[in-house]
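**Q** Sequence:
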Amino acid sequence: MADSVRLALSISGLILIGLLSLWIIVPMLAGSPWVPNAPRRIRRALTLAQAAPGEKVYDLGAGDGRALLIAAREFGAQATGVEIEPLHCAMIWIRAQLTGLGRRVSVRWESFYQTSLANADVVLVYLTAPQVKRLKPYLKEKMKPGARLVSIGADFDGWQPDAVDKEALIFLYRMPPKAGGLASYLAQRAAEGEVNG
1 MADSVRLALS ISGLILIGLL SLWIIVPMLA GSPWVPNAPR RIRRALTLAQ AAPGEKVYDL
61 GAGDGRALLI AAREFGAQAT GVEIEPLHCA MIWIRAQLTG LGRRVSVRWE SFYQTSLANA
121 DVVLVYLTAP QVKRLKPYLK EKMKPGARLV SIGADFDGWQ PDAVDKEALI FLYRMPPKAG
181 GLASYLAQRA AEGEVNG
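Just so we're aligned, residue 1 is where the sequence shown starts under the numbering used here, counting upward by one.
Keep in mind that the hints were calculated from the coordinates and are not lab data. Computed from a predicted structure; not experimentally measured. A couple of the hints might just be wrong.
Claimed, not checked - As a list, the in silico DSS-like pairs of lysine-lysine whose alpha-carbon atoms are at most 30 angstroms apart: (1) K166 - K178; (2) K56 - K144; (3) K142 - K56; (4) K166 - K144; (5) K166 - K140; (6) K133 - K178; (7) K140 - K178; (8) K166 - K136; (9) K56 - K178; (10) K133 - K166; (11) K166 - K56; (12) K136 - K178; (13) K56 - K140; (14) K144 - K133; (15) K166 - K142; (16) K144 - K178; (17) K142 - K178; (18) K136 - K56; (19) K133 - K56.
To be verified - Distance ranges between label pairs, derived from CB positions: (20) G100 - S4: 38 to 46 angstroms; (21) A179 - L87: 36 to 44 angstroms; (22) R134 - A2: 24 to 32 angstroms; (23) E141 - R103: 28 to 36 angstroms.
Yeah, the Cβ is synthetic: ideal placement off N, Cα and C, and Gly gets one too.
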């Protein structure tokens, strides 16, 4: 009897280790390790994007879903997370149910490049510069005119932002994006006498 309990515990432990390693390995293989973002910074990003009640907000690389919950609860948005890591998808779904936001928060277990952004009003990204570079042509092609793209921490090189929160390093772009870049945005703001973008 004791041997069967030890065997069951050993197997359970191995399964748990396997599941936890998926949490790390899957995002690494996809080139997108999860790095959580501060709720304050997420609020600033959604405020800069002027996210409004009923709008469709997408978070590409949704992680633990904190941006989705903030978008739904504080901005009244229909929030959709796109996440490649299955444990994060489960966590998002559970958090949405437990907070009573299950009708306004959804999650898609898929790659950024498989998700339709045709009805997105706001797309939120918190990615590395190489990820932003790879995602850029996809967003330009798939996002509808007038949709807003908010990038936390990395600008889209070659696109001129419509607004920048310099303190929090958040960039806002309206589709289709304007050619230029961050330097042209800053030069334009300096010429207009605007100090803090």
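**Q** Each of the hints needs a verdict: does it hold here or not?
**A** Against the structure, the hints come out as follows:
no.	hint	result
1	K166 - K178	holds, 19 angstroms
2	K56 - K144	holds, 12 angstroms
3	K142 - K56	holds, 15 angstroms
4	K166 - K144	holds, 26 angstroms
5	K166 - K140	holds, 24 angstroms
6	K133 - K178	holds, 16 angstroms
7	K140 - K178	holds, 11 angstroms
8	K166 - K136	holds, 21 angstroms
9	K56 - K178	holds, 23 angstroms
10	K133 - K166	holds, 20 angstroms
11	K166 - K56	holds, 25 angstroms
12	K136 - K178	holds, 13 angstroms
13	K56 - K140	holds, 18 angstroms
14	K144 - K133	holds, 19 angstroms
15	K166 - K142	holds, 27 angstroms
16	K144 - K178	holds, 14 angstroms
17	K142 - K178	holds, 16 angstroms
18	K136 - K56	holds, 20 angstroms
19	K133 - K56	holds, 24 angstroms
20	G100 - S4: 38 to 46 angstroms	holds, 42 angstroms
21	A179 - L87: 36 to 44 angstroms	holds, 40 angstroms
22	R134 - A2: 24 to 32 angstroms	violated, 53 angstroms
23	E141 - R103: 28 to 36 angstroms	holds, 30 angstroms
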